[in-house]
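Engineer: The numbering of the sequence shown is full-length UniProt numbering, which starts it at 1 and goes up by one.
Among these hints, one or two may not hold up.
Pair by pair, the computed Cβ-Cβ distance ranges are [said to hold, decoys possible]:
(1) G17 <-> V45: 33 to 39 Å
(2) V50 <-> V5: 42 to 48 Å
(3) I10 <-> G32: 30 to 36 Å
(4) V67 <-> T3: 21 to 27 Å
(5) G68 <-> K33: 27 to 33 Å
(6) L7 <-> L35: 41 to 47 Å
(7) A13 <-> P42: 39 to 45 Å
(8) L14 <-> R40: 34 to 40 Å
Please keep in mind that the hints were generated in silico from the structure rather than gathered at the bench.
For each residue, glycine too, the CB sits at the ideal point set by N, CA and C.
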Amino acid sequence: METVVGLTAIAVALLIGMGALGTAIGFGLLGGKFLEGAARQPEMVPMLQVKMFIVAGLLDAVTMIGVGLALFFTFANPFVGQIL
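With these hints in hand, go ahead and build the complete structure from the sequences.
Structural biologist: Here you go:
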């Protein structure tokens, strides 16, 4: 029982940590490409900005799904129910 709970805690930490790391890298790349595109064609900045915010929302959505799964495994662990 303790092994399952301990491994679940490690999995939750990895899920949240890797999700945050991936989102941070994604935002860095997204912001860099936006600034690069804005510097090349300043007249396209409004269109690029709208698209950047849409992709930023999608990046956040993926992370929030990971956080939701982590909370599910933390508070309603299905693996503990199978042991009992």
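Engineer: A separate judgement is required for each hint: does it hold in the structure or not?
Structural biologist: Going through the hints against the structure:
no., hint, result
1, G17 <-> V45: 33 to 39 Å, "holds (34 Å)"
2, V50 <-> V5: 42 to 48 Å, "holds (45 Å)"
3, I10 <-> G32: 30 to 36 Å, "holds (33 Å)"
4, V67 <-> T3: 21 to 27 Å, "holds (24 Å)"
5, G68 <-> K33: 27 to 33 Å, "holds (28 Å)"
6, L7 <-> L35: 41 to 47 Å, "holds (42 Å)"
7, A13 <-> P42: 39 to 45 Å, "holds (43 Å)"
8, L14 <-> R40: 34 to 40 Å, "holds (39 Å)"
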